[in-house]
Amino acid sequence: MKINLSPINESHIDGILEISNLSFHMPWSRESIENEFRNRLAHYIIAEDEKGKVIGYGGVWIVVDEGDITNIAVHPDYRGQHIGSMILEEMIRVCSSHSVTAMTLEVRKSNMAAQNLYKKFGFIAEAVRPKYYEDNDEDAILMWKRDIGQKQ
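According to full-length UniProt numbering, the sequence shown is numbered sequentially starting from 1.
The set of hints was computed from the structure by calculation and includes no laboratory data. Some hints here could point you the wrong way.
What the hints assert, rightly or not - Under the rule of at most 16 Å between Cα atoms (straight-line distance), these lysine to aspartate or glutamate pairs were calculated in the EDC-like manner:
no., residue 1, residue 2
1, K109, D139
2, K51, D77
3, K109, E89
4, K2, E50
5, K109, D137
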(Lines of atoms letter the chains of each structure in order from A and count residues from 1; the text may use other names and numbers.)
(Lines give C-alpha, C1' and ligand atoms only; values in the text may rest on other atoms or scores of the structure.)
Protein backbone atom coordinates (compact mmCIF):
# COMPACT_ATOMS: atom_id res chain seq x y z
CA MET A 1 0.00 0.00 0.00
CA LYS A 2 1.28 3.45 -0.94
CA ILE A 3 1.21 6.01 1.91
CA ASN A 4 1.28 9.73 1.19
CA LEU A 5 2.47 12.16 3.87
CA SER A 6 1.49 15.81 3.67
CA PRO A 7 0.84 18.86 5.85
CA ILE A 8 -2.68 19.21 7.23
CA ASN A 9 -5.37 21.08 5.34
CA GLU A 10 -8.98 21.74 6.23
CA SER A 11 -10.23 18.70 4.29
CA HIS A 12 -8.38 16.42 6.75
CA ILE A 13 -10.29 17.51 9.88
CA ASP A 14 -13.04 14.85 9.67
CA GLY A 15 -10.46 12.08 9.26
CA ILE A 16 -8.43 13.36 12.19
CA LEU A 17 -11.56 13.54 14.34
CA GLU A 18 -12.46 9.93 13.48
CA ILE A 19 -8.98 8.64 14.32
CA SER A 20 -8.85 10.69 17.52
CA ASN A 21 -12.17 9.21 18.65
CA LEU A 22 -10.95 5.68 17.89
CA SER A 23 -7.52 6.14 19.47
CA PHE A 24 -7.66 8.18 22.65
CA HIS A 25 -9.33 7.88 26.06
CA MET A 26 -9.90 11.63 25.92
CA PRO A 27 -10.22 12.46 22.19
CA TRP A 28 -9.94 16.00 20.96
CA SER A 29 -13.13 17.83 20.00
CA ARG A 30 -13.72 19.17 16.49
CA GLU A 31 -13.16 22.67 17.91
CA SER A 32 -9.77 21.65 19.34
CA ILE A 33 -8.69 20.15 16.02
CA GLU A 34 -9.84 23.24 14.12
CA ASN A 35 -7.93 25.46 16.58
CA GLU A 36 -4.79 23.40 15.98
CA PHE A 37 -5.26 23.82 12.22
CA ARG A 38 -5.17 27.61 12.71
CA ASN A 39 -2.34 27.61 15.28
CA ARG A 40 0.84 29.10 13.78
CA LEU A 41 3.02 27.04 16.14
CA ALA A 42 1.40 23.71 15.21
CA HIS A 43 2.70 21.53 12.39
CA TYR A 44 0.59 18.49 11.52
CA ILE A 45 1.52 15.63 9.23
CA ILE A 46 -1.25 13.57 7.65
CA ALA A 47 -0.85 10.02 6.34
CA GLU A 48 -3.28 9.10 3.56
CA ASP A 49 -3.80 5.88 1.66
CA GLU A 50 -3.82 5.81 -2.14
CA LYS A 51 -7.53 6.77 -2.15
CA GLY A 52 -6.93 9.88 -0.05
CA LYS A 53 -8.36 8.47 3.19
CA VAL A 54 -6.71 9.90 6.31
CA ILE A 55 -5.21 6.88 8.09
CA GLY A 56 -2.91 8.62 10.55
CA TYR A 57 -1.65 11.95 11.77
CA GLY A 58 0.83 13.56 14.09
CA GLY A 59 1.25 17.04 15.47
CA VAL A 60 4.09 19.03 16.94
CA TRP A 61 4.27 22.57 18.27
CA ILE A 62 7.49 24.33 17.33
CA VAL A 63 8.40 26.99 19.89
CA VAL A 64 11.78 28.63 19.30
CA ASP A 65 14.15 25.62 19.26
CA GLU A 66 11.87 22.97 20.83
CA GLY A 67 9.30 20.67 19.31
CA ASP A 68 6.49 19.49 21.60
CA ILE A 69 4.67 16.49 20.14
CA THR A 70 0.96 16.87 20.79
CA ASN A 71 -0.12 13.49 19.45
CA ILE A 72 0.41 10.72 16.95
CA ALA A 73 -2.40 8.36 16.01
CA VAL A 74 -3.04 5.74 13.36
CA HIS A 75 -6.46 4.37 12.44
CA PRO A 76 -6.89 0.96 14.12
CA ASP A 77 -7.35 -0.76 10.72
CA TYR A 78 -3.88 0.40 9.65
CA ARG A 79 -1.81 -0.18 12.77
CA GLY A 80 1.22 -2.45 12.65
CA GLN A 81 2.25 -1.20 9.20
CA HIS A 82 4.92 1.30 10.35
CA ILE A 83 2.71 4.31 9.58
CA GLY A 84 3.36 5.79 13.02
CA SER A 85 7.09 5.50 12.32
CA MET A 86 6.68 7.26 8.98
CA ILE A 87 4.75 10.10 10.62
CA LEU A 88 7.25 10.49 13.48
CA GLU A 89 10.20 10.43 11.09
CA GLU A 90 8.58 13.21 9.04
CA MET A 91 7.83 15.22 12.19
CA ILE A 92 11.50 14.98 13.19
CA ARG A 93 12.49 16.12 9.69
CA VAL A 94 10.11 19.11 9.89
CA CYS A 95 11.49 20.05 13.30
CA SER A 96 15.06 19.80 12.04
CA SER A 97 14.20 22.06 9.08
CA HIS A 98 12.94 24.66 11.59
CA SER A 99 16.23 24.57 13.58
CA VAL A 100 14.68 22.62 16.45
CA THR A 101 17.36 21.08 18.68
CA ALA A 102 15.15 19.01 21.02
CA MET A 103 11.72 17.39 21.00
CA THR A 104 9.56 16.36 23.94
CA LEU A 105 6.26 14.61 24.61
CA GLU A 106 4.10 13.05 27.30
CA VAL A 107 2.85 9.49 26.89
CA ARG A 108 0.61 7.38 29.10
CA LYS A 109 2.55 5.04 31.37
CA SER A 110 0.39 2.16 30.07
CA ASN A 111 0.98 2.94 26.37
CA MET A 112 3.96 0.71 25.77
CA ALA A 113 3.48 0.63 21.98
CA ALA A 114 3.91 4.41 21.81
CA GLN A 115 6.83 4.39 24.26
CA ASN A 116 8.58 1.75 22.16
CA LEU A 117 8.03 3.80 18.98
CA TYR A 118 9.55 6.88 20.58
CA LYS A 119 12.49 4.90 21.98
CA LYS A 120 13.15 3.51 18.49
CA PHE A 121 13.68 7.10 17.36
CA GLY A 122 15.99 8.00 20.23
CA PHE A 123 13.55 9.50 22.73
CA ILE A 124 14.53 8.89 26.36
CA ALA A 125 12.18 8.74 29.36
CA GLU A 126 13.39 11.48 31.70
CA ALA A 127 10.58 12.12 34.18
CA VAL A 128 7.11 11.16 35.35
CA ARG A 129 4.17 13.54 35.62
CA PRO A 130 2.02 11.95 38.34
CA LYS A 131 -1.73 11.74 37.69
CA TYR A 132 -1.33 13.74 34.48
CA TYR A 133 -4.32 12.27 32.64
CA GLU A 134 -7.62 13.49 34.05
CA ASP A 135 -9.79 10.59 32.89
CA ASN A 136 -8.11 8.02 35.15
CA ASP A 137 -5.30 9.84 36.99
CA GLU A 138 -2.73 7.85 35.03
CA ASP A 139 0.87 9.02 35.14
CA ALA A 140 2.55 10.42 32.05
CA ILE A 141 6.09 9.56 31.06
CA LEU A 142 7.96 12.66 29.88
CA MET A 143 10.31 11.78 27.03
CA TRP A 144 12.95 13.87 25.27
CA LYS A 145 15.06 13.62 22.13
CA ARG A 146 17.86 16.17 22.33
CA ASP A 147 19.86 15.50 19.19
CA ILE A 148 17.53 16.84 16.50
CA GLY A 149 19.41 17.89 13.39
CA GLN A 150 22.57 15.98 14.31
CA LYS A 151 23.83 13.08 12.25
CA GLN A 152 22.89 9.80 13.91
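Verification of the hints:
no., hint, verdict
1, K109 - D139, "6 Å, holds"
2, K51 - D77, "15 Å, holds"
3, K109 - E89, "22 Å, violated"
4, K2 - E50, "6 Å, holds"
5, K109 - D137, "11 Å, holds"
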